[in-house]
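Using the sequences provided together with the hints, build the complete structure.
For the sequence shown, the residue numbers in the numbering used here are 1 to 335.
Be a bit skeptical, because a hint or two may be false.
For each label pair, taking beta carbons as the anchor points, the in silico distance ranges come out as [stated by the list, open to error]: (1) Leu325 / Leu214: 20 to 26 Å; (2) Pro322 / Leu217: 43 to 49 Å; (3) Gln15 / Asp100: 19 to 25 Å; (4) Arg112 / Gln15: 45 to 51 Å; (5) Leu214 / Ile331: 40 to 46 Å; (6) Lys37 / Val284: 35 to 41 Å; (7) Pro322 / Glu102: 56 to 62 Å.
I should point out that these hints are in silico values taken from the structure, not numbers from a laboratory. Source: prediction; values computed, not measured. Idealized CB from N, CA, C, for every residue including glycine.
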Amino acid sequence: MTKSDRPPTLEEVAQRAGLSTGTVSRVINNAQHVSKKARQAVERAIDELGYIPNTSARSLATQRRGAVVLAISSDDPALFANLFFAEVITGVNAVIEETDLELLLVLAASERGRERLTRILQSRGADGVMLLALRENDPLSTMAEDAGVPVVHGGRPLDRTPQWYVDADNRGGARQAVEYLIAQGRRNIGTVTGPLDMHVGVSRYLGFREAMALASLSDTRVANGDFSEGSGAKGMAQLLDEHPDLDAVFVASDAMAAGALTVLRDRGHEVPGEIAVVGFNDIVTAQHTQPALTTVRQPIEALGQEMTRVLVRLIDGERPTPLILPTELVIRDSA
1 MTKSDRPPTL EEVAQRAGLS TGTVSRVINN AQHVSKKARQ AVERAIDELG YIPNTSARSL
61 ATQRRGAVVL AISSDDPALF ANLFFAEVIT GVNAVIEETD LELLLVLAAS ERGRERLTRI
121 LQSRGADGVM LLALRENDPL STMAEDAGVP VVHGGRPLDR TPQWYVDADN RGGARQAVEY
181 LIAQGRRNIG TVTGPLDMHV GVSRYLGFRE AMALASLSDT RVANGDFSEG SGAKGMAQLL
241 DEHPDLDAVF VASDAMAAGA LTVLRDRGHE VPGEIAVVGF NDIVTAQHTQ PALTTVRQPI
301 EALGQEMTRV LVRLIDGERP TPLILPTELV IRDSA
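In structure tokens form, the structure reads like this:
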């Protein structure tokens with residue numbers, strides 16, 4: 001015990017260990033992403049001071065509610081069938097399980113969903129918010145930041161750059177995919193874009209245009225999609241009808257690429273002999289399309305993990321930096 005009659009505080013443990021209170025808190029909560037050296041320093045300080053962790057008392061003293069929100073700007077009932085969102089949520093949950101926090105999931109594209117998020121925030125029912133799949137001028141961003149709690153974006157909004165976010169190198173990954181097609185001798189390359197009111201959709205489209213411009217090739221073979229398989233099929237049909245000279249296509253998501261492959265097969269086009277196809281994301285189904293899909297791998301589960309880690313650090317009073325995660329071209333049979 002300390003020399004005074006009162007029990008030692010978390011801050012005193014942190015001072016004795018030479019660490020931040022956030023790191024000490026994560027050690028006490030048995031978080032797995034704390035270094036062995038830090039864990040040993042905290043354990044020594046606890047033993048020397050006689051500190052007894054009390055989660056309930058800490059929560060009351062700091063006004064923490066012990067919960068965070070993952071708000072997704074979607075009200076699509078098929079959301080959980082989308083493997084991208086499933087992998088992100090898996091990553092979020094993996095880090096949440098290392099803490100004493102609970103995870104609240106809110107689908108907040110509809111008026112009812114936004115009202116639910118507003119109630120949670122206004123009642124101070126959460127210690128922080130993660131935002132995912134925001135569109136241009138999405139009200140969720142302002143709602144969350146006005147609540148005065150830490151906010152981390154998964155991907156960046158199109159209309160502004162937030163203070164804290166975790167994103168993938170969408171532009172660079174798309175450029176690499178198209179450069180690969182060009183290196184394979186393809187010249188009449190088209191694209192099926194993602195939603196152009198989302199940063200991710202615009203970034204992948206710009207990557208396509210950059211690669212085509214650097215090779216002095218036309219970038220006018222364009223169809224717009226929304227990341228769904230159906231929109232990929234529709235976009236592929238449009239490109240075939242409007243550009244019979246097409247010899248390759250960069251499709252801005254694997255789900256859309258699966259739809260594109262179906263249309264190409266139904267119309268009798270050989271892939272990759274006549275038309276090569278490259279997707280983006282490397283979800284599990286990319287390995288099982290016919291033919292197996294060449295695609296740009298982004299670390300989807302890591303995206304969920306890292307945005308959660310950033311939020312936990314913010315809640316603990318630290319000042320993390322934004323992250324851009326690398327992408328990687330995975331070559332299979334479709335290109």
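Consistency of the hints with the structure:
Distance hint check: the CB atoms of Leu325 and Leu214 are about 24 Å apart, consistent with the given range 20 to 26 Å. Between Pro322 and Leu217 the C-beta distance comes to about 33 Å, which lies outside the given range of 43 to 49 Å. At about 22 Å, the CB distance of Gln15 to Asp100 agrees with the hint of 19 to 25 Å. A hinted range of 45 to 51 Å for the beta carbons of Arg112 and Gln15 is consistent with their spacing of about 47 Å.
At roughly 21 Å, the beta carbons of Leu214 and Ile331 sit outside the given window of 40 to 46 Å. The hinted window of 35 to 41 Å between Lys37 and Val284 holds, with their beta carbons roughly 37 Å apart. Checked against the given bound of 56 to 62 Å, the beta carbons of Pro322 and Glu102, roughly 25 Å apart, lie outside it.
Consistency with the previously given hints fails for numbers 2, 5 and 7, ordered from lowest to highest.
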